[in-house]
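Generate the whole structure from the sequences, applying the supplied hints.
Number of protein chains: 2
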Amino acid sequence: MSIIDKLKWRSAVKKFEISKKLSVAQLDDLLSAIQLAPSSLGLQTYKIIVVADAATRQKLRAAGYNQPQITDASHLIVFASETNIDSAYGKNYVDLVAKTRGVERETLAGFEQMVLGSINSQTDEQKIAASHKQAYIALGVLLTAAAEFGIDAGPMEGFDAAKFDEILGLKEKGLTTSVIAAVGFRADDDVYSKMIKVRRPKNELFIHI
Amino acid sequence: MSIIDKLKWRSAVKKFEISKKLSVAQLDDLLSAIQLAPSSLGLQTYKIIVVADAATRQKLRAAGYNQPQITDASHLIVFASETNIDSAYGKNYVDLVAKTRGVERETLAGFEQMVLGSINSQTDEQKIAASHKQAYIALGVLLTAAAEFGIDAGPMEGFDAAKFDEILGLKEKGLTTSVIAAVGFRADDDVYSKMIKVRRPKNELFIHI
Numbered sequence: 001m002s003i004i005d006k007l008k009w010r011s012a013v014k015k016f017e018i019s020k021k022l023s024v025a026q027l028d029d030l031l032s033a034i035q036l037a038p039s040s041l042g043l044q045t046y047k048i049i050v051v052a053d054a055a056t057r058q059k060l061r062a063a064g065y066n067q068p069q070i071t072d073a074s075h076l077i078v079f080a081s082e083t084n085i086d087s088a089y090g091k092n093y094v095d096l097v098a099k100t101r102g103v104e105r106e107t108l109a110g111f112e113q114m115v116l117g118s119i120n121s122q123t124d125e126q127k128i129a130a131s132h133k134q135a136y137i138a139l140g141v142l143l144t145a146a147a148e149f150g151i152d153a154g155p156m157e158g159f160d161a162a163k164f165d166e167i168l169g170l171k172e173k174g175l176t177t178s179v180i181a182a183v184g185f186r187a188d189d190d191v192y193s194k195m196i197k198v199r200r201p202k203n204e205l206f207i208h209i
Numbered sequence: 001m002s003i004i005d006k007l008k009w010r011s012a013v014k015k016f017e018i019s020k021k022l023s024v025a026q027l028d029d030l031l032s033a034i035q036l037a038p039s040s041l042g043l044q045t046y047k048i049i050v051v052a053d054a055a056t057r058q059k060l061r062a063a064g065y066n067q068p069q070i071t072d073a074s075h076l077i078v079f080a081s082e083t084n085i086d087s088a089y090g091k092n093y094v095d096l097v098a099k100t101r102g103v104e105r106e107t108l109a110g111f112e113q114m115v116l117g118s119i120n121s122q123t124d125e126q127k128i129a130a131s132h133k134q135a136y137i138a139l140g141v142l143l144t145a146a147a148e149f150g151i152d153a154g155p156m157e158g159f160d161a162a163k164f165d166e167i168l169g170l171k172e173k174g175l176t177t178s179v180i181a182a183v184g185f186r187a188d189d190d191v192y193s194k195m196i197k198v199r200r201p202k203n204e205l206f207i208h209i
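Those protein sequence lines, which keep their order, are chains A and B. Here the numbering used here is used: the first residue of the first sequence is 1, the next is one more, and so on. Here the numbering used here is used: the first residue of the second sequence is 1, the next is one more, and so on.
Calculated from the structure, these hints are not laboratory results. Be a bit skeptical, because a hint or two may be false.
To be verified - No farther apart than 27 Å at their CA atoms in a straight line, the calculated lysine-lysine pairs in the DSSO-like style are these:
| hint | chain 1 | residue 1 | chain 2 | residue 2 |
| --- | --- | --- | --- | --- |
| 1 | B | Lys8 | A | Lys91 |
| 2 | B | Lys20 | B | Lys59 |
| 3 | A | Lys47 | B | Lys197 |
So, in structure tokens, the structure goes:
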């Protein structure tokens with residue numbers, strides 16, 4: 001199957017097979033895809049909380065309009081934006097670039113100036129809004145990679161972000177919830193994945209210039 | 001190569017091979033991936049402008065900090081959010097669902113209520129901000145699918161959105177630019193794709209609960 005066929009197969013599964021869990025290797029593949037997602041200037045201004053714990057997920061479900069996939073999928077993936085993106089954060093990232101590429105820190109002075117200039121030109125609110133968007137890129141990468149692996153992944157925006165932050169202790173970690181996705185395997189009787197996929201036709205969705 | 005290896009191969013290419021264009025089939029595959037990207041309630045509250053025209057791209061490049069990939073890649077993909085997401089837009093979508101699935105319009109009354117409720121509970125500003133985020137999911141899907149096909153795709157946020165809207169005549173179409181990506185093939189002497197990819201280590205990026 002091509003990636004296009006895999007994307008046709010994928011579905012916003014609501015009913016997961018509770019007994020079917022991702023293997024350690026499968027989960028690690030999904031996290032590798034998220035890790036490899038591109039982000040603005042490479043900053044990855046988010047963290048990803050991988051929730052397996054049943055009691056935590058029960059609480060999250062109550063803060064997520066009681067959507068069953070929050071507790072029933074193999075794992076719940078919570079994308080959370082950093083809330084303290086400051087000069088120290090930028091410098092720490094430039095340190096990582098220098099270390100990863102084995103280059104002298106000084107050779108990155110121009111890049112550092114660009115990173116810090118970008119960080120310091122935005123208000124906290126703008127930075128968090130921009131981070132949320134970066135998290136959505138990572139979400140898109142996760143959903144596509146999961147489809148390629150034949151793993152179900154259902155994104156969700158219907159949840160109380162403030163309550164999620166509280167349940168997961170994100171405020172103390174300098175994080176705030178962006179978007180979530182349930183990953184695992186569809187139940188045989190999941191209704192949504194049996195429905196015909198609805199998409200706008202190409203001649204409506206695309207404008208060629 | 002697994003999708004993980006493909007994602008390691010992908011790069012924010014800055015220098016594209018000008019003479020190497022996507023075939024009609026390759027471009028169509030990328031657009032299929034974008035078309036299949038999931039979105040909130042399935043609404044796909046965006047359009048995608050596929051820019052091949054050289055003169056238009058020259059103008060866009062001037063509005064995009066003179067980034068060479070805007071003119072030199074095979075195509076420039078502009079994701080643009082809808083600006084008039086109203087009840088008519090929602091009803092039109094429910095029409096599409098009924099038609100695609102071959103079901104009576106009346107059986108979708110509950111779903112329609114949910115769609116219209118969602119649309120009417122948000123300000124225009126909130127709706128556009130939410131649409132931008134949906135466009136970023138589609139961007140993530142595009143970048144991953146392109147990597148799977150061995151096609152280069154470089155996302156860009158450094159551009160003047162108001163000027164892009166003007167050059168592309170988006171305001172009259174009820175659209176506003178979200179984010180852009182250049183697609184095509186890296187030049188042999190592209191510097192960025194030869195650099196070691198920098199990503200936060202998994203023990204920093206992920207929190208397991």
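- Hints the structure violates: just list their numbers, smallest first. none
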